[in-house]
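Single-letter residue listing:
Number of protein chains: 2
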Amino acid sequence: METYRAIVTKRDTRAFDSKPIPEDVLGRILQAGRMAGSAKAAEPVRAVVVRAQAQKEALAACGRFTPQIPTCAAAVVLVLVPEPDQPPGQFAYFRGPFDAGRAGQNIMLAAWSEGIASCPVTLHDNDCARAVLGLPEGHLVANVIALGYPGGKDPTTGSRPRMPVEQYVRWERWG
Amino acid sequence: METYRAIVTKRDTRAFDSKPIPEDVLGRILQAGRMAGSAKAAEPVRAVVVRAQAQKEALAACGRFTPQIPTCAAAVVLVLVPEPDQPPGQFAYFRGPFDAGRAGQNIMLAAWSEGIASCPVTLHDNDCARAVLGLPEGHLVANVIALGYPGGKDPTTGSRPRMPVEQYVRWERWG
Chain A
2 METYRAIVTK RDTRAFDSKP IPEDVLGRIL QAGRMAGSAK AAEPVRAVVV
52 RAQAQKEALA ACGRFTPQIP TCAAAVVLVL VPEPDQPPGQ FAYFRGPFDA
102 GRAGQNIMLA AWSEGIASCP VTLHDNDCAR AVLGLPEGHL VANVIALGYP
152 GGKDPTTGSR PRMPVEQYVR WERWG
Chain B
2 METYRAIVTK RDTRAFDSKP IPEDVLGRIL QAGRMAGSAK AAEPVRAVVV
52 RAQAQKEALA ACGRFTPQIP TCAAAVVLVL VPEPDQPPGQ FAYFRGPFDA
102 GRAGQNIMLA AWSEGIASCP VTLHDNDCAR AVLGLPEGHL VANVIALGYP
152 GGKDPTTGSR PRMPVEQYVR WERWG
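The listed protein sequences derive, respectively, from chains A and B. Counting in the numbering used here, the first sequence runs from 2 upward without gaps. Counting in the numbering used here, the second sequence runs from 2 upward without gaps.
It cannot be assumed that every hint is accurate.
If you want a taste of the chain B side facing chain A, the calculated C-beta under 10 angstroms gives, among others [unchecked claim]:
no., residue
1, Ser19
2, Ile22
3, Val77
4, Asp100
5, Tyr150
6, Val166
7, Arg174
In silico DSBU-like links for lysine-lysine, alpha-carbon gap of 35 angstroms or less [what the hints assert, rightly or not]:
no., chain 1, residue 1, chain 2, residue 2
8, A, Lys20, B, Lys154
9, A, Lys41, B, Lys154
10, B, Lys154, B, Lys41
11, A, Lys20, A, Lys154
12, B, Lys41, A, Lys41
13, A, Lys41, B, Lys20
14, A, Lys154, B, Lys154
In case anyone wonders, no lab produced these hints; they're calculated from the structure. Glycine is no exception: its CB is placed at the ideal position from the N, C-alpha and C atoms.
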């Protein structure tokens, strides 16, 4: 799929088919995440791939709006590793989620270009997620990308329109 | 450009040519950012496009490693609007930068697919950036995407390799 078309047609979706994702396709999707750039080339993001049903359900219990996780084919948990030279303060974690967003979007676009739908899911309870995944202290789940072939309706129809471009874009200054 | 190829060949670059970005191309790049999904469809991200030299230089003075801003063709400032139902606490801002990362990656990939290089730049002093851009209180600059045609060496050569895939990807659990 052409890049711009993939970008502008991609919709987040929650309805998945039960069909598994072939290993080679999953490999390309993960490679897309790995190739995302990061601030100061710190590479703070890791991907934990969860496909076992019990593990997906345990993860889903760590968030408040997570029905996509048990029903997806593969949940890619984007983990932020603490920066070595920095206390785990707001500053480091502010850049970290931005880099996780870059990786997540790469993953979702690579998936979408192969006909695989996706939805980012927030896990509200990081201690719960750390226990389920066995993450070391200071590691943070930035987001979970639920992946799967679309189930139910066409994922590109019926989605909420975006805000008008005049509201999204400003020129030189805010007002 | 094919989506996967755009994703895996994209490198962050700091060296730009002085050639301006045509209006229609810039329009598609901004549309790519606008179409990025967001948590709960909250659409917390806005794009302030800065091309005036004096304004680029004023912005650059708000960060510590910003030589890309005065030399780029267009700086797209990704601004986070406070969420209406939430105090401006860490939680909201934690999701916000992830969504800004999604928009930023869309912008950078759409640009890259048209031969335009880019680099995200952190502005360390948000009060400074707010003053330069005239942002309302509580608005946060998540990142600045510096855009321009590549100058100097081929942006895809000589970049640092990524961590090995075995380090990036884990299966089911961390350890």
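Each hint tested on the structure:
no.	hint	in the structure
1	Ser19	violated, 19 angstroms
2	Ile22	violated, 14 angstroms
3	Val77	holds, 9 angstroms
4	Asp100	holds, 6 angstroms
5	Tyr150	violated, 17 angstroms
6	Val166	holds, 6 angstroms
7	Arg174	holds, 5 angstroms
8	A:Lys20 to B:Lys154	violated, 45 angstroms
9	A:Lys41 to B:Lys154	holds, 20 angstroms
10	B:Lys154 to B:Lys41	violated, 41 angstroms
11	A:Lys20 to A:Lys154	holds, 16 angstroms
12	B:Lys41 to A:Lys41	holds, 30 angstroms
13	A:Lys41 to B:Lys20	holds, 26 angstroms
14	A:Lys154 to B:Lys154	violated, 47 angstroms
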